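Participant: Sequence:
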Amino acid sequence: MSANSNHNAGNKAANGDNTITAKAKARAHGVLAYSQRQVDRVVAPSTRQKAIDSTTAFATKRPLLSLFIATQILSALVPTLLFTTFVISALVFALLSAVVFTLFWTLVALLFLIPTLLVTSGFAILIWLWAVGSYIVARAIYLRLPASARQTINPGGDKRIIFNNNMSYDLDEAIAAEVAEIRE
1 MSANSNHNAG NKAANGDNTI TAKAKARAHG VLAYSQRQVD RVVAPSTRQK AIDSTTAFAT
61 KRPLLSLFIA TQILSALVPT LLFTTFVISA LVFALLSAVV FTLFWTLVAL LFLIPTLLVT
121 SGFAILIWLW AVGSYIVARA IYLRLPASAR QTINPGGDKR IIFNNNMSYD LDEAIAAEVA
181 EIRE
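Per my numbering, the sequence shown runs over residues 1 to 184.
The set of hints was computed from the structure by calculation and includes no laboratory data.
Warning: the hint list may mix true and false statements.
Mimicking SDA-like on lysine to any residue, the simulated pairs with C-alpha atoms at most 20 Å apart in a straight line are [said to hold, decoys possible]:
{"#": "1", "residue 1": "K50", "residue 2": "T60"}
{"#": "2", "residue 1": "K50", "residue 2": "S66"}
{"#": "3", "residue 1": "K23", "residue 2": "A33"}
Estimated spans, in silico, between C-beta atoms of each pair [to be verified]:
{"#": "4", "residue 1": "A26", "residue 2": "L113", "range": "13 to 23 Å"}
{"#": "5", "residue 1": "L81", "residue 2": "Q36", "range": "15 to 25 Å"}
{"#": "6", "residue 1": "F104", "residue 2": "A59", "range": "49 to 59 Å"}
{"#": "7", "residue 1": "I114", "residue 2": "E181", "range": "30 to 40 Å"}
{"#": "8", "residue 1": "N18", "residue 2": "T47", "range": "18 to 28 Å"}
{"#": "9", "residue 1": "S54", "residue 2": "L32", "range": "21 to 31 Å"}
{"#": "10", "residue 1": "T84", "residue 2": "S121", "range": "16 to 26 Å"}
{"#": "11", "residue 1": "I175", "residue 2": "T116", "range": "47 to 57 Å"}
Note that the coordinates shown come from a computational prediction; the quantities given were computed from them, not determined experimentally.
Ideal placement from N, C-alpha and C gives every residue a C-beta, glycine not left out.
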């Protein structure tokens with residue numbers, strides 16, 4: 001019974017190897033078919049067949065020269081591919097480094113820009129509050145002046161006197177009137 005179980009285990013391993021081999025062959029066939037379709041998209045099969053036929057005819061006619069050309073191409077192919085890979089990787093590295101460098105210094109600049117904008121916004125609010133407060137205070141002082149002291153110069157150069165109607169000035173009413181005027 002133990003010999004029989006060993007035999008079954010051996011069959012299972014062989015079947016497992018066969019299924020793995022079959023899967024590998026199927027995958028290789030799929031990759032080959034995919035690459036053939038991609039090559040067919042780039043170079044038409046008739047054009048490719050003409051190139052193969054002319055290369056075969058040349059190799060048959062001049063075997064030593066075709067062998068020399070083939071060895072030159074094959075021996076130069078590896079260094080050329082390595083050089084191309086190096087150039088492309090250096091280009092990608094340079095571009096990525098430039099992007100990372102730019103992003104880093106942009107973030108560093110933002111660390112200065114945001115607080116600067118906050119400070120300048122605060123200064124702008126303070127200047128606006130100072131201007132509004134100065135206007136309200138100056139208007140209140142002007143309206144409290146006696147009528148004889150309130151003189152304005154009209155565009156013609158003549159002095160004009162503004163007479164007060166002897167009403168007392170209330171700052172809250174003046175602000176309410178200004179707000180109502182703005183809302184209209």
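Participant: All hints, please: hold or fail.
Facilitator: Taking the hints in turn, this is what the structure says about them:
A threshold of 20 Å between alpha carbons decides the hint, and for K50 with T60 the separation of about 15 Å falls inside it, so the pair holds. A C-alpha spacing of about 17 Å is found between K50 and S66, which places the hinted pair at or below 20 Å, so the restraint holds. Our distance criterion of 20 Å between C-alpha atoms is met by K23 and A33, whose separation comes to about 15 Å. Between A26 and L113 the Cβ separation comes to about 59 Å, which falls outside the hinted range of 13 to 23 Å.
For the pair L81 and Q36, the supplied restraint of 15 to 25 Å holds, since their beta-carbon distance comes to about 22 Å. For F104 and A59, the hinted distance range of 49 to 59 Å is satisfied, since their beta carbons lie about 57 Å from each other. Roughly 38 Å separates the CB atoms of I114 and E181, a value that falls within the hinted 30 to 40 Å. In this structure the hint that N18 and T47 lie 18 to 28 Å apart at CB is violated, the actual value being about 40 Å.
Remark: the range hint 21 to 31 Å for S54 to L32 is upheld by a beta-carbon distance near 24 Å. Between T84 and S121 the CB atoms are about 54 Å apart, so this pair departs from the stated range of 16 to 26 Å. Between I175 and T116 the C-beta distance comes to about 34 Å, which lies outside the given range of 47 to 57 Å.
Comparing the model with each earlier hint shows violations of hints 4, 8, 10, 11; every other hint is respected.
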